[in-house]
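Protein chains: 2
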Amino acid sequence: MTTEGRAPLGRSRRPTIKDVAEAAGVSRSTVSRALTGRGYAAGEVRERVLRAAAELGYVPDAMARTLKQQVSRSVGVLVSDLRNPFYAELAAGASREARERGYTMVLADTSLSAEAESEAAEALVALRVAGVIVTPNSSAVSTYLSSHGIPVVEVDRQFAAGSTDGVVVGNRVGARLATSHLVGLGHRRIALFIDETDWTTGYERHQGYLEALAAGGLTADPGLVVSSGWDVADSRRRALDMLRGPDRPTAVFAANNVLAEGVWRAIGELGLGVPGDISLVAFDDAPWMSMVSPGVSAVAQDTFNLGATAVRRLHERIALPEADSVTTVLNVRLVERESTAHPPAL
Amino acid sequence: MTTEGRAPLGRSRRPTIKDVAEAAGVSRSTVSRALTGRGYAAGEVRERVLRAAAELGYVPDAMARTLKQQVSRSVGVLVSDLRNPFYAELAAGASREARERGYTMVLADTSLSAEAESEAAEALVALRVAGVIVTPNSSAVSTYLSSHGIPVVEVDRQFAAGSTDGVVVGNRVGARLATSHLVGLGHRRIALFIDETDWTTGYERHQGYLEALAAGGLTADPGLVVSSGWDVADSRRRALDMLRGPDRPTAVFAANNVLAEGVWRAIGELGLGVPGDISLVAFDDAPWMSMVSPGVSAVAQDTFNLGATAVRRLHERIALPEADSVTTVLNVRLVERESTAHPPAL
DNA sequence: GTCGGATATGACATCGTTCCCACATCGGAT
DNA sequence: ATCCGATGTGGGAACGATGTCATATCCGAC
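Chains as they are written, first to last, in the numbering used here: chain B, 1 to 346; chain C, 1 to 346.
Hints were generated in silico from the structure; no laboratory data involved. A couple of the hints might just be wrong.
Because identical chains share one entry, a pair is satisfied inside a single copy or across any pair of copies.
Derived pair list, reagent style DMTMM-like, types lysine to aspartate or glutamate, alpha-carbon separation capped at 25 Å [what the hints assert, rightly or not]:
1) 18 to 119
2) 68 to 81
3) 68 to 122
4) 18 to 55
5) 68 to 316
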């Protein structure tokens, strides 16, 4: 609490490199060299500096450093919806990997809105982040960030394949796996619940579904492909409609965990038996799927790893800005639980 | 792609305020005034500047600005585990509120480790964030950050009540609510699953449990209070032990969603009926609790709002650094589902 | 015709770092 | 004695923004 020296150190001004220099009786340059390890600093002097720094509780100003060096140690992470366990886990993976590589993570939840996404992107440009990983809602983000010279990695889905790096999962394979599983059990009327087919995820999963049907010698019935909105409420509503209607399917493949939740709730409300009346398989293995009874079969993706891999890719990209862009595809696997069985006998 | 002027603008250097100034034919000062709106700028000039800035795609460097102004527009958010829906939702709430108030969010997952927490805290000091909200693992963070003059808000649990702000929920009330509910149904052997009782959350929930027992005229049996580890696996193991043992309880109150999951799984594995053989109520209403059947009764906290409120509190604190510290307590409510009923007849 | 306020703009120091350069000292070789 | 490389250290100019201050011009009032 005692005020020291002539400068109004007063209550508490953060110590700067200058304060450390004075305390150690050397110049700012020397302190910088001693602390960063770049350039000469005699053993005894280095020790003195380190001691002074520790004593003052000196923490170098990342802003000033970044400004001078023109490279930041922060990466931006843009995800659609942290409340969805998929994105939360992806962010968790990114966080761990970022920490391990010495990056801090600037995160924004873009709420599936293109506007929030642009705003966030601009903030990241202002912060001069070293790179960004994003689950894009449009092609605008990647374009915008790239135009500002910021490396981008698109995760989960891609809008700018070819011009930016991507880390995705085997959507087509996964969808085929899930659908084939149903076909193999003898189902012939298999519905697909999907939110959009413009994004790569939706498109690929739809394709995988169709491929599996074709491979099983089934003709695809467009009436069985339900374009749902992105939320549980809408999915549930549409599932109720479909399951109440005539000629209902004997199995449903839900293209993501949110849609699966809607379908699951609808099934429960209608008092239908799973898998007795209807089989259900989901893309993306959310925690609840292993908690409910019967457990829901699902295509599991290593979401945590998806985030971690994206940060690794970004790190490499930052090191080699001019290298050709790469899309990494992570494998998925089908987790069979109790929600899938033979269709009911006629 | 054409190189312009004498300076090596070359491929792409980010435009600075100087570039805008030259393009608009004015000085840097004028550009600054025109863009920030602080100080004079004639209508025509302002327009010219804005146009030049837009044309160049100029985005002010937040680093330089922060360095000069000595105040940043970033807040730090430190959470224990993004994979836990509780923390994910808290982060989501913080994110939305941060965006609304014009802050960017620097987030770190501290993995329940004190070491990661300190590291992250130091990074936040280096970044000169305007403030930090944290779900603390120890008292060290708040102390450390405060000593560097950074405002802190502790969320969910408090280690530094009195000296820093806090935003928590009515833990004691909630636990009493849950336990009383069981007592009211006629249960006399009610187990408590809890991970630790050093943190305020654990302590208060334990107290609430005890109070409810006392109010119901029951004597607390220490053998019914299970100190579990923090993960599902351990909780499950201990639940198996207890439920297999003699004289098992007729009801369990799990002090958080992770413990509840362990207990739920154990019950399922043992083939016990809920609520026929055993009633279950949880603190913290995780998504799966409304998905499973029977639904799990739970003390619901508005977790999203918890994060949002913390950011609001932080914002106020930043504005008034010297004001007395405040602890905000959010209300909880008991959501009754089907996992709680009268104890089995003897 | 000069004064003074309003209106506008630019020069320049500054924030906390880094790092290029100049410079100092020293021991040993010529 | 002089020169040289090796070993250290400090001075000072950046980085990109802001904001204070000085200054320039104009207009109307005395």
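Against the structure, the hints:
no.	hint	in the structure
1	18 to 119	between (37 Å within a copy, 24 Å between copies)
2	68 to 81	neither (35 Å within a copy, 34 Å between copies)
3	68 to 122	both (21 Å within a copy, 20 Å between copies)
4	18 to 55	within (14 Å within a copy, 40 Å between copies)
5	68 to 316	within (23 Å within a copy, 32 Å between copies)
Hint 2 from the earlier list is the only one contradicted by this structure; the remaining hints agree with it.
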